[in-house]
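Engineer: Using the hints provided, position chain B relative to the given structure of chain A.
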Amino acid sequence: MKDFPYSESKDTRSGFGAGLLELGRTNPNVVALCADLVGSLKMGDFIKEFPERFFQVGIAEANMIGIAAGLTIGGKIPFTGTFANFSTGRVYDQIRQSVAYSGKNVKICASHAGLTLGEDGATHQILEDLGMMKMLPHMTVINPCDFNQTKAATIAIADHEGPVYLRFGRPVVPNFTPADQKFEIGKALLLNEGKDVTILATGHLVWKAILAGKLLEEQGIDAEIINIHTIKPLDTEAILASVRKTGCVVTAEEHNYLGGLGESVARVLAQQLPTPQEFVAVQDTFGESGTPEQLMEKYGLNEQSIVDAVKRVMARKA
Amino acid sequence: MNPFNYDADQLLNVAHQVRRDIVRMVHAVNSGHPGGSLGCTEFLVTLYFRQMTHDPKFNMNGVGEDLFFLSNGHISPVWYSVLARAGYFEPKELATFRKLNSRLQGHPATEEGLPGIRIASGSLGQGPSVAIGAAQAKKLNQDDKLVYVLTGDGELEEGQVWEAAMYAAHHKVDNLIWTVDYNGQQIDGPVDAVMSLGNLRAKFEAFGWKVLNCDNGNNFASLVPVLDEAKALTGQGQPICILMNTQMGYGVDFMMGSHKWHGVAPNDAQLEQALVQLKETLNDY
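In order, the protein sequences belong to chains A and B.
Per our numbering: the first sequence ends with 318, consecutive numbering throughout.
Per our numbering: the second sequence ends with 285, consecutive numbering throughout.
Chain A on its own, in the form it takes in the complex (with noise of 0.2 Å):
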């Protein structure tokens, strides 16, 4: 198993706001709309350096949304900061007809997705974001899953033309990928090389698959780990190479398992390679208050959870 050292744990919000802020200055285009939440998406070094180019919505996220298309009428790029939960189930029919049916290059970028959020319950927690926003027609979805690859993707996505849904959340998490690397859309990272099973993470869970891996290897089974930052368009190529060499695979996500990566993955498989799956998700329900760690536990979302899905997958292989 390889090593994945990193100096500091930091959260994936920030590494929007300082990827937005790179943005500010390298694309005169980009523009960036708040629905006052500033401070936890952390927008506020981009606002004090381009503040002509901020847009503070107030609580009117379909408002938000809505002004966002019309900014790209006249070329701009506009990036929409708020929490996942209000970038996408609340504003979901003004994504539908004025971002996504209507091409329009704009940026949605959600902070606080998931069960990560913590405290704040259910009301806030979103695990059916991915879904939605990957049954859109032209909608890109990227879960990145530290500081560094945040930053990256943020950047990334403003040469891309066409709507985007970038998702990521709130607490620390170690910040293990490369401060320089190039974000390629649709792109899967194989991160470890394995022959007995297939882990595909995505976001938060692609560190809790690393820690799964280092566990399976004490008790003598090689995980393949792969990082699908990109929920769609799918990397099929990397995802069947790997399954066909391991033969089983679990999918790892902060996520509802209805709607999912994992539910894509599925698809691929059944179409393609059908293929023993075992899915690390939340089975169906909504979330509720304690902190990241406990409820990561609770609802079967941390290391352990892979390894006795991995466990399980395994036993099935022919």
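No lab work stands behind these hints, which were simulated from the structure alone.
Please note that the accuracy of each hint is not assured.
Chain A side only, calculated, beta carbon under 10 Å to chain B, not exhaustive [what the hints assert, rightly or not]:
1) N27
2) V31
3) I47
4) P51
5) Q56
6) I67
7) G70
8) L71
9) T72
10) D93
11) Q294
12) E297
Once the Cα atoms are required to be at most 25 Å apart in a straight line, the calculated BS3-like pairs of lysine-lysine come out as [unchecked claim]:
13) A/K245 - A/K187
14) B/K99 - B/K145
15) B/K139 - A/K48
16) A/K2 - A/K298
17) B/K172 - A/K48
18) A/K317 - A/K195
Note that the structure is predicted; figures quoted are calculated from it, not measured.
In this text, a Cβ means the ideal position worked out from N, Cα and C, and glycines have one as well.
Structural biologist: Using the frame of chain A, we list chain B on its own:
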């Protein structure tokens, strides 16, 4: 500068043909929304043949042009006819309205690349927000042209329009003219019966808008001066709202003044009855 700059007689000439196009389009596919389309004919004809600086060669960003957004997308027949008659595409394409593989979707869309359409609409209440964004992009681009948006009056029951109203005043989006088609009708009946809007003028004024009334949006002599006045009031720190009184179904006697023709097409006999009231001025498509 408008590419036509038509006088009142020329505008009326176009309006007659647009009304013929509308009733023929919805009749041909036995679906669509003639009522609001007929009621807003003078408004759209005035925008495209007199008021707006625009280029029928069409480019999406529209820098250096006035932009129009139709928020109440169900009145697509009037918009499609006006765009075709202004040269955005051939009038014969109006025959494809609502048919399979057409660029003229039931509600306006960009997906098929129809010139003149900059965003999809139909799900109501979104146009003012989009228009605000386009207006702010103009300011960022140092583009001094204006943005027009049309909504229905029933559409004002959607909450998003009031988010937009609040925002535009707060951010002083003063290169924006929002016209409300104040015909008092919606699908289920008179607006006052379905969900009364109260004192609409006072509402917009309380939100910080400069409000103008158009007594009769189906009369160029009433409409044109109000549009001129609205334009003159831009750039003064306030967004502009026009409450435009119209009659749903105007120009076809049996369709006028009732919500019943909101989304119903005329049958063959009714089409004949309508067309005898509408002079063919620019050749039917």
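Engineer: Look at each hint and say if it fits the structure.
Structural biologist: Hint-by-hint comparison with the structure:
Look at A/N27: its Cβ only gets to about 13 Å from chain B, farther than 10 Å, so that hint breaks. A cut of 10 Å between beta carbons decides the hint on A/V31: the least distance to chain B is about 7 Å, and the hint holds. Taken as an interface hint, A/I47 does not check out: its beta carbon lies about 15 Å from the nearest beta carbon of chain B, beyond 10 Å. Hint status for A/P51: violated, given a least beta-carbon distance of 12 Å to chain B, over 10 Å.
This hint holds: A/Q56 has a C-beta 8 Å from the nearest C-beta of chain B, less than the 10 Å allowed. Taking 10 Å as the C-beta cut-off, the interface hint given for A/I67 holds, the closest approach to chain B being about 4 Å. Checking A/G70 against chain B: minimum C-beta separation of about 2 Å stays under 10 Å; hint holds. At about 4 Å, the closest approach between the beta carbon of A/L71 and any beta carbon in chain B falls short of 10 Å, and the interface hint on this residue holds.
Interface restraint check: A/T72 against chain B, minimum CB-CB distance 8 Å, threshold 10 Å, status holds. Given the 10 Å rule on beta carbons, the hint for A/D93 holds: about 5 Å separates it from the nearest Cβ of chain B. The beta carbon of A/Q294 comes no nearer than 37 Å to any beta carbon in chain B, farther than 10 Å, and the hint placing it at the interface is violated. Taking 10 Å as the C-beta cut-off, the interface hint given for A/E297 is violated, the closest approach to chain B being about 40 Å.
Between A/K245 and A/K187 the CA atoms are separated by roughly 19 Å; this keeps the pair inside 25 Å, and the hint holds. As the CA atoms of B/K99 and B/K145 are separated by approximately 35 Å, the hinted pair breaks the 25 Å bound. A hinted pair counts as satisfied when its Cα atoms are at most 25 Å apart, and B/K139 with A/K48 qualifies at roughly 20 Å. This hinted pair does not check out: A/K2 and A/K298 have alpha carbons roughly 28 Å apart, beyond 25 Å.
Restraint check for B/K172 and A/K48: satisfied, since their Cα atoms lie roughly 21 Å apart, inside the 25 Å limit. Restraint check: the Cα-Cα separation between A/K317 and A/K195 comes to about 13 Å, which is no more than 25 Å; the hinted pair holds.
Checked against the numbered hints above, the structure violates hints 1, 3, 4, 11, 12, 14, 16; every other hint is satisfied.
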